[in-house]
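Engineer: Protein sequence lines correspond, in order, to chains A and B. Residue numbers for the first sequence follow the numbering used here, so the first one is 1 and each next one is one higher. Residue numbers for the second sequence follow the numbering used here, so the first one is 1 and each next one is one higher.
Intra- or inter-copy, both count: the list cannot distinguish identical chains.
Pairs of lysine-lysine residues, derived as DSS-like cross-links and limited to a Cα-Cα distance of at most 30 Å, are as follows:
1. 95 with 40
2. 8 with 95
3. 126 with 35
4. 152 with 182
5. 126 with 40
6. 97 with 299
7. 276 with 126
8. 277 with 126
Read the hints as simulated data drawn from the structure, not as lab findings.
2 protein chains.
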Amino acid sequence: MSFDRLQKKIDDMQNPSVVGLDPALEHVPPHILQKHVAEKGETLEAAGAAVCEFNFGLIDALCDIVPAIKPQSAYYELLGPCGVLALKQTCDYAKSKGMYVICDGKRNDIGSTAEAYAVAYFGTVKVGNSELRPFDVDALTINAYLGSDGVKPFVDMAEKYDKAVFALVRTSNPSARELQDKFIGDERLYTIVGDLLEEISRETVGEYGYSRVGAVVGATYPEEAEFLRARLSNTFFLVPGYGAQGGAAADAAKAFDKNGRGAIVNSSRGIIAAWKKSGEDYAVAARNEALRMRDEFRKEIY
Amino acid sequence: MSFDRLQKKIDDMQNPSVVGLDPALEHVPPHILQKHVAEKGETLEAAGAAVCEFNFGLIDALCDIVPAIKPQSAYYELLGPCGVLALKQTCDYAKSKGMYVICDGKRNDIGSTAEAYAVAYFGTVKVGNSELRPFDVDALTINAYLGSDGVKPFVDMAEKYDKAVFALVRTSNPSARELQDKFIGDERLYTIVGDLLEEISRETVGEYGYSRVGAVVGATYPEEAEFLRARLSNTFFLVPGYGAQGGAAADAAKAFDKNGRGAIVNSSRGIIAAWKKSGEDYAVAARNEALRMRDEFRKEIY
Numbered sequence: 001m002s003f004d005r006l007q008k009k010i011d012d013m014q015n016p017s018v019v020g021l022d023p024a025l026e027h028v029p030p031h032i033l034q035k036h037v038a039e040k041g042e043t044l045e046a047a048g049a050a051v052c053e054f055n056f057g058l059i060d061a062l063c064d065i066v067p068a069i070k071p072q073s074a075y076y077e078l079l080g081p082c083g084v085l086a087l088k089q090t091c092d093y094a095k096s097k098g099m100y101v102i103c104d105g106k107r108n109d110i111g112s113t114a115e116a117y118a119v120a121y122f123g124t125v126k127v128g129n130s131e132l133r134p135f136d137v138d139a140l141t142i143n144a145y146l147g148s149d150g151v152k153p154f155v156d157m158a159e160k161y162d163k164a165v166f167a168l169v170r171t172s173n174p175s176a177r178e179l180q181d182k183f184i185g186d187e188r189l190y191t192i193v194g195d196l197l198e199e200i201s202r203e204t205v206g207e208y209g210y211s212r213v214g215a216v217v218g219a220t221y222p223e224e225a226e227f228l229r230a231r232l233s234n235t236f237f238l239v240p241g242y243g244a245q246g247g248a249a250a251d252a253a254k255a256f257d258k259n260g261r262g263a264i265v266n267s268s269r270g271i272i273a274a275w276k277k278s279g280e281d282y283a284v285a286a287r288n289e290a291l292r293m294r295d296e297f298r299k300e301i302y
Numbered sequence: 001m002s003f004d005r006l007q008k009k010i011d012d013m014q015n016p017s018v019v020g021l022d023p024a025l026e027h028v029p030p031h032i033l034q035k036h037v038a039e040k041g042e043t044l045e046a047a048g049a050a051v052c053e054f055n056f057g058l059i060d061a062l063c064d065i066v067p068a069i070k071p072q073s074a075y076y077e078l079l080g081p082c083g084v085l086a087l088k089q090t091c092d093y094a095k096s097k098g099m100y101v102i103c104d105g106k107r108n109d110i111g112s113t114a115e116a117y118a119v120a121y122f123g124t125v126k127v128g129n130s131e132l133r134p135f136d137v138d139a140l141t142i143n144a145y146l147g148s149d150g151v152k153p154f155v156d157m158a159e160k161y162d163k164a165v166f167a168l169v170r171t172s173n174p175s176a177r178e179l180q181d182k183f184i185g186d187e188r189l190y191t192i193v194g195d196l197l198e199e200i201s202r203e204t205v206g207e208y209g210y211s212r213v214g215a216v217v218g219a220t221y222p223e224e225a226e227f228l229r230a231r232l233s234n235t236f237f238l239v240p241g242y243g244a245q246g247g248a249a250a251d252a253a254k255a256f257d258k259n260g261r262g263a264i265v266n267s268s269r270g271i272i273a274a275w276k277k278s279g280e281d282y283a284v285a286a287r288n289e290a291l292r293m294r295d296e297f298r299k300e301i302y
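Start from the sequences, fold in the hints, and give me the full structure.
Structural biologist: Here it is in structure tokens:
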């Protein structure tokens, strides 16, 4: 099962972290962008090719120590269709290097449209007699505001193609409290969303006890993470907010179960833009920072 | 202001409808797909080119009677990067024909990531000394579950580039009640979301009294539409659920203000797949159905 594969990679590497590949152009070393601009002009095609080269270098530097990448779709859409091509090429390359790929798209819709998103990221499209794969990632982030009609099509396709989703439950931003923390009867909205996800995914639990429907639970609010970890026993957590957003490893550690499993912590800028602080080659700087983060979590969790 | 331009187009055409360009491959006439497969093989590139030809034909047939299109991003992502290219080409072509373009992506994130989405769809990206436009649509749908941190970056970019957003408030699907209808104190969640949007966008009201932050309010629940219309006086409504999803024109009419303004109603399959029922050429069938829908709304609203 998809999250079993992820957990095995985490166990093998003793590293429950995922690198957020969020390649805003200011994080791409200037010499890489300049090289592609020299070839392709000042175009989005050049920018997309530069992002690809940057990501491939990061993947080469990280794939033996980090189990997963999480490309944030926004930074690829930001470069138009050429950027989306870079997203696909990045996902394919990371998979070829054995990494688990979580596309952070926070997609959401209902019925046949939700199904179209799920097929886009998980499945195959038939053109004539050929079955073609539009993206083929391991997991996709989704937003559950539309209710179960907006989640089930993703879960069905995840079942069909052995993939997984992470739905937003309690996010890491200050204004998450405006809606997610509000009480509905005796429970907060995020708890109701979490319960709904457990109910929808109950039949999909794998060998580590986690279903195909994970949850995004921010590290910046450790009490919430602790509460949700206790309540949502079948839900694998994706934890943003560590590092640049202010969450500490001890806070993020609250998202793990008593065996040190069931969660993965994201760091984006802290790793991919480490070269800007250290002055080293970007791949060397990213690897050093990823090792530092790994060792920090090893101390907290194992 | 962006919604003023939309309202003027609606007034000029006496037609408050938007055509959802949701080109699932089964809605594309087979001869179009076959032509591109003959040229490019059984590839996603061929499928993307077929979708483009289909859409361009629809736009040609509709641009003098329908003010706006709403391409649903899922059906383009479904064809991978080639599909996203077809999305961009469709948006650009519709704009060249004078149509208002609403990209239905239901995007959502926080901080610099939300800003990246907003720039992707509204703004310009700098590569070297060149300012390039990744997509450049008039409006984008968003999901507000993350709270104001997840909405404000879109509003700021909408201000900067004279664009607009529609945020999900009360959707048209049955399970919308699982979360959106729940009471928080005396108000339902969707009311709290709607109030939040009005508060965020107060400073952006244009000449018709509507702000840059619209709301998605389903036609399948007319009582909710009537209640929200009365409460959210500065919020332009995008109304899905008419036609194929079961909403009637009289229901959708509840979303309009007393001057017959402040809302636009979507129809997707009903128009773009009309050829499958009528046996006519797809463009003729779409135009006939768009005229029928227009006349139905003229009776209800004006």
